[in-house]
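Number of protein chains: 2
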Amino acid sequence: MTPRLSLIGSGNVATHLGKALTAVQVPVQQVLSRNAVQGKALSDTIGADFTTDFSQLHPETELCILAVSDDAVATVAAQLPKLSCLLVHTSGAVPMQQLATYGARIGVFYPLQTFSKDRTVDFAQLPVCIESAQENDLPLLESLARRLSPKCYQVDSEQRKMLHLAAVFVNNFTNHMYQIGAELLAEARLPMDLLHPLMEETAQKAQTGLPKDWQTGPARRGDERVLKGHEQLLSEHPDFQKIYTLVSQSILRSSSHE
Amino acid sequence: MTPRLSLIGSGNVATHLGKALTAVQVPVQQVLSRNAVQGKALSDTIGADFTTDFSQLHPETELCILAVSDDAVATVAAQLPKLSCLLVHTSGAVPMQQLATYGARIGVFYPLQTFSKDRTVDFAQLPVCIESAQENDLPLLESLARRLSPKCYQVDSEQRKMLHLAAVFVNNFTNHMYQIGAELLAEARLPMDLLHPLMEETAQKAQTGLPKDWQTGPARRGDERVLKGHEQLLSEHPDFQKIYTLVSQSILRSSSHE
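Top to bottom, those sequences are chains A and B.
If you want our numbering, it's the 1-based position in the first sequence plus 864.
If you want our numbering, it's the 1-based position in the second sequence plus 864.
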């Protein structure tokens, strides 16, 4: 079952999702975006109609995917014509009910990944988290998700809130740890690529079993001498020093609960 | 040039390194370890002699690799017979000078990776950081490193200290971020493998260019509403909540320096 699709937005998520759907032979009929340049570019790429006017949403649309920034979800939903089609947003952080002004047929289609311009995203192994207000809208979302990836999960708004928070730790905060590593290496006049195999192996390991079971290092061992030495090394980076102390304490405490 | 090699230790580093050297046709002649069971097992695997008695270090050894825990480096070095061979340790955290009681021919051979039992380590792309007290010992270490990997770096003890600290952020602290993610998902009754593609992509991305340039998320955007919401969600995890606030502030501050 291939629904008639409209896609609202032309940012990273809309672009990656629009291309991925097209690639698995799910055509997007229409792109709607306030950004005429990006929106036109996306619609040209995927062979869809284009408009900047949300009131022009195709009346025959069966599924409308709202892939705009978190802040814009409720505003854009309120501007849409009241059609009979299912409206879903793609955000990890926004409750489904922010679409409620649109009507009763609402839901979420959340592909769990970090999307950046200039990075190809492989949807084939990507988890897609779906939710719908009306149970009979779920099969449509599930069949669409499964066209992209075998990993489709039904996740309600409460769970998705926690999932999004976990994703912040795993993506944004991990990236900040990488950044701190990069800055320390630059200070020591060493190239960042020294750490690439370690970043790789750390991510690989943690995917087998529980991350906790792979923990090593001075905090895990409770090696006070090394911990103190590291804190001293960070004396000119108060932000990094505080993070060092706090994360080490958290590792120590979670090891001692074993 | 293949030196006559002795290897002290039978833990993770000694085992992985001993096997990797053997695999690239650099035979280890002798294994020395206080742990008779593990030491015997390692020496059998790689076809080396074995002794638990450090005074029995082969007199014809040209290079002795001390792959023991950080705390044991100085103690074991002090127990070795004063031979003419080069003695190196394999630790990121220990200054070369902790080998000084052994003699003048000392150095460091530090393969930068996290070694765990039951995980195969691919040395082929692994950075090996070398240092020697005497400059004419460097070619021996360099040629050995290059047998294992094309990535050989000369790194002095001061630089290595910083490199090890950076590795703690990139490995131990990143793994703790994964662990927090896993615990939050478990609370929401969601499987951890939901986050695997995100962990993977985060590590991949950060290897192209600077991690900082890839940063996204509520802290990067300065999205106070989401930040407050996440802190509230963590109210029953004071450790995680403090980490959340501190790392978010650090991301915010480092973004505002742009």
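Hints were generated in silico from the structure; no laboratory data involved.
Hints are supplied without guarantee of correctness; some may be wrong.
In this list, chains with the same sequence are indistinguishable; a pair is considered to hold if it fits within one copy or across any two.
Unchecked claim - For lysine-lysine, the following DSBU-like pairs were computed, each having C-alpha atoms within a straight-line distance of at most 30 Å:
id	residue 1	residue 2
1	Lys-946	Lys-1092
2	Lys-946	Lys-904
3	Lys-1025	Lys-946
4	Lys-946	Lys-883
5	Lys-1069	Lys-981
6	Lys-883	Lys-1106
Please read these numbers as outputs of a predicted model, since none were measured by experiment.
Hint by hint, here is what the structure shows:
1. For the homomeric pair Lys-946 and Lys-1092, neither the shortest alpha-carbon distance inside one copy (62 Å) nor that between copies (33 Å) is at most 30 Å.
2. In this assembly of identical chains, the alpha carbons of Lys-946 and Lys-904 lie at most 30 Å apart only when taken from the same copy (24 Å versus 76 Å across copies).
3. Proximity of Lys-1025 and Lys-946 under a CA criterion of 30 Å is satisfied intra-copy only: 27 Å inside one chain copy versus 63 Å between copies.
4. Taking the shortest Cα distances, Lys-946 and Lys-883 sit within 30 Å of each other inside one copy (27 Å), while across copies they are farther apart (67 Å).
5. Taking identical chains as interchangeable, the C-alpha atoms of Lys-1069 and Lys-981 lie at most 30 Å apart whether they share a chain (28 Å) or sit on different chains (11 Å).
6. Proximity of Lys-883 to Lys-1106 under the C-alpha cut-off of 30 Å is found in neither arrangement, the shortest distances being 43 Å within a copy and 39 Å between copies.
Violation of the numbered hints given earlier is confined to hints 1, 6; the remaining hints are satisfied by the structure.
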